[in-house]
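Here the protein sequences come in this chain order: A and B.
In terms of my numbering, the first sequence opens at residue 1108 and continues consecutively.
In terms of my numbering, the second sequence opens at residue 167 and continues consecutively.
Do not take every clue at face value.
Dumping the calculated SDA-like pairs for lysine to any residue here, alpha-carbon to alpha-carbon at most 20 angstroms [what the hints assert, rightly or not]:
(1) B:Lys-443 - A:Gly-1321
(2) B:Lys-214 - A:Arg-1373
(3) B:Lys-443 - A:Thr-1288
(4) B:Lys-475 - B:Pro-279
(5) B:Lys-443 - A:Phe-1135
(6) B:Lys-370 - A:Arg-1368
(7) B:Lys-443 - B:Val-456
(8) B:Lys-443 - A:Pro-1408
(9) B:Lys-443 - A:Pro-1378
(10) B:Lys-443 - A:Leu-1305
(11) A:Lys-1184 - A:Pro-1170
(12) B:Lys-316 - A:Asn-1195
(13) A:Lys-1432 - B:Pro-433
(14) B:Lys-370 - A:Leu-1366
(15) A:Lys-1432 - A:Arg-1346
(16) B:Lys-475 - B:Ser-207
(17) B:Lys-370 - A:Phe-1437
(18) B:Lys-370 - A:Lys-1114
(19) B:Lys-443 - A:Gly-1379
(20) B:Lys-443 - A:Ser-1261
(21) B:Lys-370 - A:Pro-1378
(22) B:Lys-370 - A:Gln-1372
(23) B:Lys-443 - A:Pro-1247
(24) B:Lys-317 - A:Thr-1206
(25) B:Lys-443 - A:Ser-1304
(26) B:Lys-316 - A:Phe-1437
(27) B:Lys-214 - A:Phe-1437
(28) B:Lys-370 - A:Ser-1250
(29) B:Lys-322 - A:Thr-1380
(30) B:Lys-214 - B:His-485
(31) B:Lys-370 - A:Arg-1365
(32) B:Lys-370 - A:Val-1375
(33) A:Lys-1415 - A:Phe-1437
(34) B:Lys-316 - A:Gly-1379
(35) B:Lys-443 - A:Phe-1437
The hints are simulated quantities; they were obtained by calculation from the structure and are not laboratory data.
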Amino acid sequence: MSLLSVKNLNVTLMTSEGPARAVRDLDFTLERGDTLGIVGESGCGKSMTALAIMGLLPENAMPTGEILLNGENLLQKSEAEMCRIRGNRMAMIFQEPMTSLNPVHTVGRQIMEPLRLHKDMNKSEARGEAIRLLDRVGLPNPSERIDNFPHQLSGGQRQRVMIAIALSCAPDILIADEPTTALDVTIQDQILDLTQSLVEEEGMALILISHDLGVISENTDHIMVMYGGASIESGRTDRIFEELSHPYTQGLFAAMPRLGRARNQRLVTIPGTVPDLINLPTGCTFTDRCPLASDICRNTPPPVHAFKTGHRVACHHLDIARAKKTEELFS
Amino acid sequence: MTAQAASAPVLEVRDLVRHYRLPRESLFAEPGHVYALNGVSFTIERGKSFGIVGESGCGKSTLARNVMALEETDGGSVRILGNEVIGLNFDQLRPLRRHFQMVFQDPYGSLDPHHNVGRIVAEPLAALGPISAAEREERVVRVLESVGLKKRDMAKYPHEFSGGQRQRIAIARALITHPELIVADEPVSALDVSVQAQVLNLLKDLQDEFGVTYMFISHDLAVVEYLCDEVAVMYLGEIVEKGRTEDLFARPAHPYTRILLDAVPTPGSGKKRERIKLEGNVTGQTEQRVGCAFQDRCPMAQGICRREKPPLVEVEDGHTAACHFSSEMSERL
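Next up, chain A with everything else stripped away, as it sits in the complex:
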């Protein structure tokens, strides 16, 4: 049995303009020690997937399908049951360390909260454990820092505190939603290193969400590329970067300015914007922005090509997309 297995997950948001399909027909499994990266632009369903797993979806969201944690379907759990799982067996690190910590409580109190709730520790045990955790995440001088308020810490230090909270109950799954987007490259390096070594040492599974292909590439074993709420390409990280199959993945990769590339070359851009989730096209959602789109793309959902290596791509024109290089594709 897999640690986490997501089957046919759909999330529909009931908005005033009609139902918006934020996540569509998502399938993936995660074993202990796995690291999965989810990439895509804003509004492609990355964060909604994470929130669905954590049971933190907004009230107007309707999830269907199955999210099995050790065989138990999380979507059928009551709120009280979810409270015992959340923070205990699954934990999440959010994007903004500035706003996801409570400004009126000391960081110590915020780390002790899950320990006292899930592990039945008394105050002094929890405090001792909190100091150990702060030391574990590399905050200097933890026995003094524990009484600091969030505003007294820098952005990187706050993100370390968030990681300490997430780690406090030794969860099986750690979900990191853009954990370093608000940080400097050097601090980003430190935080990602820390997460990677913690995941290895504690044997957790990691879901890393980011729009930065570099971050994903260096920190995960598997990748899922999402577009319009669905997974359009997935597979082993090294294979994906070697093969770059789906036109969208190719476009994303080429749009990123990279160190050491010729300076006078123009960046490849993907024309248009992400699709409106309320009026999704019936066929492939990438049709309007895809250089290879034809009539069949507009009307028929693309077939999923699965390869022996575990690489899966959903595209009507896979052979052409693979044969052409990105520059030819988007010029």
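Guided by the hints, dock chain B onto chain A, whose structure is given.
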């Protein structure tokens, strides 16, 4: 424009100093200071792009605000097209502001939500004195078209646009006075990769078309490499290395530059990369120290770094670095 202004560099900054006073902590002790800029000098020639990189807290944004004459400066000089802007009062600055405009980081916070796009973009024209409504509209339409927006967008409000489109509006607002210099403070860091590429291409096209000069601030080195002709690396309010982009990125002569370059993750490079890592973050803005600013975090620091401040010396033609060991740095590569 006078003949003298035409030959002068677009921006010339000399020994710019800015110290912020901290609130007094005790009745008897002297109040502390944040030493945000400690003598920064550089020159940008017409039609070039000058990049400034560094971590948060190194003084990049303070530099932008001082160049734009948005706050008082403690010392030094900023000459735009040969005109000194430091020490001028509001009324004297106003007619000059048409020559230098700014694009901010956050496309959500920098556009007034109560004004429509036509009014937002036309606002800098007020600095040029009275202008007829027809001419104003014509200029707004022209500038909106040059950034890829349409005439009918004039009546819309900022919330109707996506992040990338808002940044285009902000760029249009900066362009409408035909400025010589645009100071852009992290203009693409809040945008998605694909949108970021569109805005970067647009900035390049506008430079080719109008010959604007950019002072471009970013923490993303790949973006700076793509757009800029020259780069300066800042640490604790000083320029520690400066040179042509291709020289500086290929042969960094300061350990801090090397570490910054190593910290950028590259897609498709696999999991383990050999690199020097940097511990801690920028500290020490509130003290005036002896020796090199980077000594606490430098992997190469030795006795001399704690005693003597390294001067900014030339390591190759047009490439300067402030490090006692810059010659060893280049040998190590």
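Can you give the numbers of the hints that this structure goes against, from lowest to highest? Numbers 4, 5, 7, 8, 9, 12, 18, 19, 24, 26, 27, 28, 33 and 35, in rising order.
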